[in-house]
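Participant: Residue numbers (our numbering), protein chains in the order written: chain A, 7 to 403; chain B, 7 to 403; chain C, 7 to 403; chain D, 7 to 403.
In short, the hints are calculated from the structure, not lab data.
Errors might be hidden in some of the hints.
The list makes no distinction among identical chains, and a pair is therefore deemed to hold if it is satisfied within one copy or across any two copies.
Stated by the list, open to error - With a straight-line cut-off of 25 angstroms between C-alpha atoms, the simulated SDA-like cross-links for lysine to any residue are:
id, residue 1, residue 2
1, LYS166, SER266
2, LYS240, ILE114
3, LYS245, LEU61
4, LYS293, LYS398
5, LYS316, LEU169
6, LYS14, ASN71
7, LYS171, LEU382
8, LYS69, ASP299
9, LYS316, ALA115
10, LYS323, ALA313
11, LYS14, ASP70
12, LYS323, HIS342
13, LYS398, THR108
14, LYS21, GLY317
15, LYS249, SER311
16, LYS118, PRO339
Just so you know, these numbers come straight off a predicted model, no measurement behind them.
There are 4 protein chains.
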Amino acid sequence: MNFEGFTKRDPDKLKVPKVGIGMLGYGFMGKTHTNAFKKISYLSWSWPPPAIPELVAICGRNKDNVEEAALKFGYEGYYTDWHEAVKDPRIEIFDNCSCDDTHYEPSIAALKEGKHVICEKPLAMTVEDAKDMYLTAKESGVKHMTAHHYRFMPAVRLAKEILDKNYLGDIYEFKCRYLQPYGADPTEPIENVWYATGTKSGVMLGIGSHVIDMARFLAGEISTVFGIQKVFNKTRPNKAGKKEIVEADESNVAIVEFESGAVGTIESSCINVGRKNQLVWEIYGTKGSMLWDLEDLNNLHVNLSDAPVKGLSGFTKINVTDFDHPFADMLWPPGHIMGWECGHVNELLHFVDAVVNDKPIEPYGATFYDGYIIQLIMDAIGQSSNSGKKIKINAEV
Amino acid sequence: MNFEGFTKRDPDKLKVPKVGIGMLGYGFMGKTHTNAFKKISYLSWSWPPPAIPELVAICGRNKDNVEEAALKFGYEGYYTDWHEAVKDPRIEIFDNCSCDDTHYEPSIAALKEGKHVICEKPLAMTVEDAKDMYLTAKESGVKHMTAHHYRFMPAVRLAKEILDKNYLGDIYEFKCRYLQPYGADPTEPIENVWYATGTKSGVMLGIGSHVIDMARFLAGEISTVFGIQKVFNKTRPNKAGKKEIVEADESNVAIVEFESGAVGTIESSCINVGRKNQLVWEIYGTKGSMLWDLEDLNNLHVNLSDAPVKGLSGFTKINVTDFDHPFADMLWPPGHIMGWECGHVNELLHFVDAVVNDKPIEPYGATFYDGYIIQLIMDAIGQSSNSGKKIKINAEV
Amino acid sequence: MNFEGFTKRDPDKLKVPKVGIGMLGYGFMGKTHTNAFKKISYLSWSWPPPAIPELVAICGRNKDNVEEAALKFGYEGYYTDWHEAVKDPRIEIFDNCSCDDTHYEPSIAALKEGKHVICEKPLAMTVEDAKDMYLTAKESGVKHMTAHHYRFMPAVRLAKEILDKNYLGDIYEFKCRYLQPYGADPTEPIENVWYATGTKSGVMLGIGSHVIDMARFLAGEISTVFGIQKVFNKTRPNKAGKKEIVEADESNVAIVEFESGAVGTIESSCINVGRKNQLVWEIYGTKGSMLWDLEDLNNLHVNLSDAPVKGLSGFTKINVTDFDHPFADMLWPPGHIMGWECGHVNELLHFVDAVVNDKPIEPYGATFYDGYIIQLIMDAIGQSSNSGKKIKINAEV
Amino acid sequence: MNFEGFTKRDPDKLKVPKVGIGMLGYGFMGKTHTNAFKKISYLSWSWPPPAIPELVAICGRNKDNVEEAALKFGYEGYYTDWHEAVKDPRIEIFDNCSCDDTHYEPSIAALKEGKHVICEKPLAMTVEDAKDMYLTAKESGVKHMTAHHYRFMPAVRLAKEILDKNYLGDIYEFKCRYLQPYGADPTEPIENVWYATGTKSGVMLGIGSHVIDMARFLAGEISTVFGIQKVFNKTRPNKAGKKEIVEADESNVAIVEFESGAVGTIESSCINVGRKNQLVWEIYGTKGSMLWDLEDLNNLHVNLSDAPVKGLSGFTKINVTDFDHPFADMLWPPGHIMGWECGHVNELLHFVDAVVNDKPIEPYGATFYDGYIIQLIMDAIGQSSNSGKKIKINAEV
């Protein structure tokens, strides 16, 4: 059928590489990463991006759900068994957005098939698994990434650049916390409390891993930890009204020493009324300080002690949406603020670029090495809480 | 080619209506609306949405650019002449995202072809054109919408619901402003100053229209205005260094009276250093007050004078991203804040729903009637500025 | 009686001039000014101040109350008739903190006795009285001051210095408001609503005068005004439950033009839930902008468009309590924030210094001339509200 | 000499008890406490206060300085030897505002003379001294107070009342920090760095003591601590340019467990650019949370999880200056914010009232017992930092 004046687009005119995506999981993270892959394809002002992601297949155990997901998100098709999915030759990037306890096996399998793998955090459930994942990835020679997407927020990237330029001088202190409210009410049914429902999950794995990633990204390697892990509500009713035992940690407070000599406070809790999603960090150096809050993610607060005009020093609230800010190509115009999802878009763009153009993931992205070290630190905090002693971090790779 | 275990998705299984989209314009707004149509298709938690938008055609004068836009955004094809596009029978919704001075003709043509039309603001360049557009739309019996998307921000919708429930009592005062920084520097070349570059544009048409829409949406119909329109920088260099005359208004301050007896302050300016995109309104009633700021769009500040506990009154900062908040189905989880684009997504979802299910655009959406009345008020502010007198608003439809 | 090691202080060792104070009024303002005179005597780090105020006499109509006030505040004695007080030769400074409608007569009488006079705002109830007060003061050759103490907040003084150094360039816009909540509830008894209880008072005289003072202090002389004055609640119950007519204005919104070409928004209202004492101004220039809020009076927000480091521009929150800030000598150490009363302390110190050392009141202090011009502008806003027309300001002195 | 109409005030008409004050120290704290005693005498709206403080004598080693202080502050006379001052029978309250290392001896001496004693924090330099001071005070039967004045900020008192009413439910977490900037610059001469200049002082004693006081006041008794104490800048130039060794701690981070089972984070540092005087605490309970910041001391942020209206929950910013707020009698009208000094005024009013009317210091005031326990906890943090182990708190009285 013809329409007067209508010209069909000709995909062959699109001289942009494509990269095949295989997605494991269609829940919150599956949706978030799929949204990111889609936006990569059209969001940039200097289009085209390094490659256009092709949504090859989505994978999940429940056939009806995964079929709906394929229709909803626009994947060409689906798998109900990840063992098969990882072998699909069209898939170049395997994106593991499944539950924490299925990060290990499918990622290992995909790595062994030579796929580039991005895996949601925490990388694994144990230090051993995480280490194994890192070593497998290293050996396979592919690109590997742990999805610590907060590194890719424009304001966090700007902070990183400020640190790299040494505007803050030597770092004294780093304070970071991730607080959520979900378990504050002891009568909240266990099914509504995300960290208490997985087999071996908990707040540390779920959000504490982000805190540690921010610490290492911004303040460097951690050498010692000590801390307290708490389960305040040791039981909780389920929706049927029965009491269930909660083993997952609800709150973590830890003090860390960095290799640089700086000191850090590292907190993650899910019993904090009014803290909907408060990932906040502060960093104090000899020449200045900075602060960022995920609930107000577009703004970076910076205080350089040598104020440009005498008497006018203080924290400057920088709305990081300007033409000269990081990720400007992926931002709306200044002041048209970005939502939480933007970190994922920028992260997956980084991964796609690294895969297609053989660029390094580091230093801006977190690799499986980072995922392993984070796991080591989380484990050490648990040990410290049990023993009441300071623990030294020993990476063995 | 077969892949072990892979099932191709079957679009026939998708029992959701489709609605054909024709887009005019591929600039900032064309990108924004296209992004919204795409997100409608997969973002909701209770998927499917009322209809899946099909990106039929995009239209623009420059062949190379519009072809690239079709490839970039995924439209099936493109037109270089809107006269032809409006006749395409596959197009059910005609979305006019072109320049202000091409809002009138193509929209009228599309209406006459029986298309449902959504048009960016300002509806037209003159009161007469806007009136004509409204009357044509009314006569054609289709759905028509002026794209005042800020009505569809979750926090603004929550505010509207609070007002509708009369939690604030009778309204005394409404204060609203939209401030941007682009013209603050008198040496900024005219090409970088959006409001000064269109033939007859200006700050009032460009962003003042949103202020007036917020006023009418939240505080009701306006009966009188008086105000001052200013061009502070009557000339401005162009990039070649030549002086050019600027006729477009840079700043507007107006006082309005509402039919209810309330008083309003209505401001829009583009000479405000540090105000990147500051659309702020405050509303004061006999029983409470509210405040919202576009640069912090996820939060609504509410102060009800009968505090729940004696002594604990004040402004409550509500992060409008909870499960029980407006547009919850289109939000990320609580505290995972939404970006500026979310208003467009919710707005176009509203329009699609209205079109497919024959639902009314009002009271939540702005129609061409609203676009016309806003034009009338903008015009009256200009008259007042010229005459130094208060002007009565007279709608003639 | 002797105490081992105790040395009585010898006031003769104090080589500091004294200045005799006569106070009219012992209400809120009498207390505030008395507190300020007392603090002048000991607060400075570089003590002594230019003079030590001696609290000679306090004056009020009710003998019991004024006697208690003398005991409470430490005045040597009291008068019940101001006609006698103004003749007391020990009194050098006459401080008129009485009700608005007794600003005129006692101030005129004190001026004619050659006293230096500071008078609370509004200077008078009418333009004529204010003009007369100014001319009498001018003729008498004494120091005269209208108590616009917000000029003496450290942050406001810093703002003035920033403007004087032209850091903001030419001023485009000045926006200022003073909002309070007292009349928001229409059922609030008239006795609890300060602006409705004086014979001819109202919001404009009571707090609008401060707004206009801030405008002239920071943005220069005003040439035209237009605005709306409102009495939303035309009746109000008294405590006995009877309906009383309210004539006093509750809300004022005005647009002004400055002689410089800048435009201003000038608002004062007392029907604003949650605005406990919100005096806020913003000032926008070609090179920067500033903001200050009385409810957060220690902080000045400054945005200079030429940021010291590319990409790091934004509003800097300056806590104006540093060693190099205005009035540093009267501040606690940095970050030990000052209360609302500090403006009065600094203002009266300025007045005492001007009196003792024959220094000018201007440009930092407001004189009776300023009081007169403010009265003229307030009156013009009323005229504009009645006529619906823009009014030109004509000072006739 | 007679003045027509003038009546001298008759102090005999003042039927208010007097209480004699002896002050040790005329530095920052001597000035602050003297200011507070003066304000007690006239600030209250329901005057008179329980007693009028009489400034009997001020005491200091340097004759010239203490003489000037007596003249400046209005003390009747002065002592240069505290051994004599503590014997002055006119002195009922002995106020120890001297340096940290002269808290012990003069306070003990005054107690033994039967004086009521208020002593600045830290109570002593060692646990042993603090314990001795407490036991001596207890034995003497007088009123004794450690000057933890932040308990007497209106917002902190309101928080305490909210906790006492159990609005927050059981407490999970308490987070508190006191950050200052003075040592951030490693080149800052040692003379400008208050915590490094005293013989054995440091950040923990200087401001950490306040943090621990807030913790115990709001969240209850502490049972274990572990933490890290740091001297980042182990040497520092003096003004003559010579390198000096710094032994005083610059930064403390500790985790504490409360007897209730709650967990706390306790921080104090003086190397934080931009934190002028940031004492912040947050408290999280099963039913709500609260936050307070000394740099914004008039506001308390409260979030009760059972919002009065569904969907309207969040942190409410309460400006604690209302007629129904704590210390209302000593506040200016609503929104006329209080300065840092107000805590001292309220604290000394509390002490005077306790002395004159034999009322208990607790639970609102901190006694020498509290001072002792705080010293014990500070000491334990040091032990933990040295040993890398969690330390149990054992009070032995």
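Participant: Next step is simple, just say for each hint if it's right about the structure.
Facilitator: Hints and how they fare:
1. LYS166 to SER266: within (16 angstroms within a copy, 40 angstroms between copies)
2. LYS240 to ILE114: neither (34 angstroms within a copy, 48 angstroms between copies)
3. LYS245 to LEU61: neither (37 angstroms within a copy, 44 angstroms between copies)
4. LYS293 to LYS398: Neither, since 29 angstroms and 37 angstroms both go past 25 angstroms.
5. LYS316 to LEU169: both (23 angstroms within a copy, 15 angstroms between copies)
6. LYS14 to ASN71: Between. Shortest inter-copy distance 14 angstroms satisfies the 25 angstroms Cα cut-off; intra-copy 34 angstroms does not.
7. LYS171 to LEU382: Neither way: LYS171 and LEU382 sit 29 angstroms apart in one copy and 43 angstroms across, limit 25 angstroms.
8. LYS69 to ASP299: Answer is neither: 39 angstroms inside a copy and 44 angstroms across each miss the 25 angstroms cutoff.
9. LYS316 to ALA115: Neither: 60 angstroms inside a copy, 46 angstroms across copies.
10. LYS323 to ALA313: both (14 angstroms within a copy, 12 angstroms between copies)
11. LYS14 to ASP70: Between. Shortest inter-copy distance 13 angstroms satisfies the 25 angstroms Cα cut-off; intra-copy 34 angstroms does not.
12. LYS323 to HIS342: both (16 angstroms within a copy, 21 angstroms between copies)
13. LYS398 to THR108: Cα proximity of LYS398 and THR108: none, with 29 angstroms in one copy and 41 angstroms across.
14. LYS21 to GLY317: Neither: 55 angstroms inside a copy, 34 angstroms across copies.
15. LYS249 to SER311: Between. Shortest inter-copy distance 23 angstroms satisfies the 25 angstroms Cα cut-off; intra-copy 54 angstroms does not.
16. LYS118 to PRO339: neither (43 angstroms within a copy, 34 angstroms between copies)
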